[in-house]
Amino acid sequence: NAGVMQNPRHLVRRRGQEARLRCSPMKGHSHVYWYRQLPEEGLKFMVYLQKENIIDESGMPKERFSAEFPKEGPSILRIQQVVRGDSAAYFCASSPGRGTQPQHFGDGTRLSIL
Amino acid sequence: GQQVMQIPQYQHVQEGEDFTTYCNSSTTLSNIQWYKQRPGGHPVFLIQLVKSGEVKKQKRLTFQFGEAKKNSSLHITATQTTDVGTYFCAGRDFGNEKLTFGTGTRLTIIP
Numbered sequence: 139n140a141g142v143m144q145n146p147r148h149l150v151r152r153r154g155q156e157a158r159l160r161c162s163p164m165k166g167h168s169h170v171y172w173y174r175q176l177p178e179e180g181l182k183f184m185v186y187l188q189k190e191n192i193i194d195e196s197g198m199p200k201e202r203f204s205a206e207f208p209k210e211g212p213s214i215l216r217i218q219q220v221v222r223g224d225s226a227a228y229f230c231a232s233s234p235g236r237g238t239q240p241q242h243f244g245d246g247t248r249l250s251i252l
Numbered sequence: 186g187q188q189v190m191q192i193p194q195y196q197h198v199q200e201g202e203d204f205t206t207y208c209n210s211s212t213t214l215s216n217i218q219w220y221k222q223r224p225g226g227h228p229v230f231l232i233q234l235v236k237s238g239e240v241k242k243q244k245r246l247t248f249q250f251g252e253a254k255k256n257s258s259l260h261i262t263a264t265q266t267t268d269v270g271t272y273f274c275a276g277r278d279f280g281n282e283k284l285t286f287g288t289g290t291r292l293t294i295i296p
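Order-wise, the sequence lines are chains A and B. As numbered in the working numbering, residues 139 to 252 make up the first sequence, in order. As numbered in the working numbering, residues 186 to 296 make up the second sequence, in order.
The hints are simulated quantities; they were obtained by calculation from the structure and are not laboratory data. Don't take each hint at face value.
[To be verified] A few chain A residues that face chain B, going by a derived Cβ cut-off under 8 angstroms, partial list only:
#1 Tyr186
#2 Ile193
#3 His242
These numbers come from a predicted model, not from an experiment. In this text, a Cβ means the ideal position worked out from N, Cα and C, and glycines have one as well.
With the rest of the complex left out, here is chain A (with noise of 0.2 angstroms):
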């Protein structure tokens, strides 16, 4: 079974533009969760999506930042006029389910402003 498929693994951009982060959940998993990670620290929880709904954008800052699963592709995180601040890491993570189900990660995006 292939795992949570995130790409691109490395994205660079200049302030101002927009970047697009793709997460493919592994086969037969309907929720997916995104994350933020800078350099040295633990993770942040951003958003938690079903097939086309977000469930808690709870850890979602309220500007720039916007995320989709749509019924059909990729789940979608898109941060539009970039800024320093923004460069992390960005993980994926689904789960077959709710509750008490373990979350398998992506290998991460790596996202650098210029």
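Mind docking chain B on chain A? Use the hints.
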């Protein structure tokens, strides 16, 4: 909001020594999970604890969940170089799918 703290932040041990990391939540948890992240890698699920006072073992790793379900520990016996990495606990509140990750403990091994 919920906070999950881990101590120590860093731990350097001689190969063969034991290692323990402690995790404390500001709220009572539904369950707690442990993950390991190698340098440059992604978090890998190790185990989940659900019951109060639960103890689980995986070879040289022993995981405990406190009676009050607010704290947890991971103990590694006789560390090996393959144990290098950052160990995170992640707690889940009741009725909430969100995992709150701890601050992590970075383990380095001196050969």
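Evaluated hints:
| no. | hint | in the structure |
| --- | --- | --- |
| 1 | Tyr186 | holds, 6 angstroms |
| 2 | Ile193 | holds, 7 angstroms |
| 3 | His242 | holds, 7 angstroms |
Going down the numbered hints, you'll see the structure goes against none, and every one checks out.
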